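Residue-level listing of the chains:
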Amino acid sequence: MTEDDVRAALKTVEDPEAGMSVLDLGLVYGIALEEGKVRVEMTMTSPACPASDYIVDEAAAAIRALAPEGTDVDVRLVWDPPWTPERMSAEAQQRFGWT
Amino acid sequence: MAYRFPLLALGFVSLAFGVAGGLARLSPLAVPATALALHGPLMVSAFFGTVISLERAAALGRPWALAAPLAAGLGGAALLLGLPMAGFGLMVLAAAVFVLCGAVIMRRQPSLETAALLAGAAAWLAGNVMLLEGRAAVPWWIAFFALTIGGERLELSRYLRRPPWVRRAFAFLAFAVFFSALVPQALGVALMALAAWLVAFDLARVTIRQDRLPRYVAACLLAGYFWLGLGGALMALATAYDAALHAVFVGFVFSMVFGHAPVILPAVLRIRYPYHPLLYLPLAVLHASLAVRVFVAAPLGAWGNAAAIALFIAVSICLILVKGRK
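Order-wise, the sequence lines are chains C and G.
Okay, so the first sequence: first residue is 1 according to the numbering used here, each after it adds one.
Okay, so the second sequence: first residue is 1 according to the numbering used here, each after it adds one.
These are calculated hints, taken from the structure and not from any lab test.
Please read these numbers as outputs of a predicted model, since none were measured by experiment.
All clues given are correct.
Under 8 Å between C-beta atoms, here's a sample of chain C residues computed to sit facing chain G:
id	residue
1	PRO16
2	GLU17
3	ALA18
4	LEU25
5	SER46
6	PRO47
7	CYS49
8	PRO50
9	ALA51
10	PRO82
11	PHE96
12	GLY97
Estimated spans, in silico, between C-beta atoms of each pair:
id	chain 1	residue 1	chain 2	residue 2	range
13	G	PRO299	C	LEU66	54 to 62 Å
14	C	THR84	G	CYS318	36 to 44 Å
15	G	ARG62	C	ASP4	33 to 41 Å
16	C	THR12	G	PRO163	32 to 40 Å
17	C	ASP80	G	PHE295	49 to 57 Å
C-beta: ideal position from N, C-alpha, C; glycine also.
The task is simple: from the sequences and hints, build the whole structure.
Okay, here's the thing in structure tokens:
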């Protein structure tokens, strides 16, 4: 499994409020691959975000669906640095009026 | 995780009796005297209080935060058992823990959004203290919902490009909502202004043009903002008390619950809740029956409101069972 595969999986996970993938929204901070392990660090727009567990579960499930069986998938929430709109993809920035 | 479901179930006991008590106020229906007399505390602090504080505890991820939904749920049970002061005391405790949750979240990421959520928590606490003291709790409860929902919507509107004054306007409105809870007519004006802000700047304006779940959530939100504005107008005019309150509590708050259940329930209970267009049915019944309640006949509309809530629960259970547990 490559980093691009993980990105492809995360591209299918939407923030249900925005109707756009967590990847496009710039919520994914880092992807680390080791033998048999996938680690993802992501954030939410707010630490009070009630949907955070839902989105984390969806992200882990999407990666597991693509990963070889038995892969240890760990999706973690981090709050530092805080999310900013500049992290969004060009497509997201266009949809939400930034460009 | 396993304890979250019983907590939610406890909140739903208060919902069932609270709705029955509300109906009994408008039409002949045999319900326990406590449910009739304490409709407001059962709905706001026992049901919504349990659900909202459980949602916040799940977001926070700290076990002590569950003391808030536990106390709110037990508070409702105490009311139903004929122990009003114990119930009100538990509701104060629930709100105090909820304020602490808000403070921890604000410390984690200080911002206008988290400040609004903390102010909402403080308004719930103020309302429950008023309840304990036998004074008017309702304006504070309305401020609780307006600030909590407003804060969450402000957070999501960060996806959108907005001029800086839009945030400053929200800060002013949040301030106005909190402090005008002391003067219900002023609160009505503040709610109208907040509703206008939400209609103008919320992310729902964009997502209503998408499809599936984002569009459904946006429909729930935008319909809710209409009722928030109307409820605010009725409060400002100091007229039609039942219509004003239920425009806010049913039209704004329940619409929000209908919209967010498919997102929040999976987060809180770790279950699958797939979107289906059938969700529009209870939503339509809710808003149509509220229109009947406000403009035509309150008792008939109230039964329609109750039917919409029951229908929503039935549709939700069907959708969850069809996809099964994770």
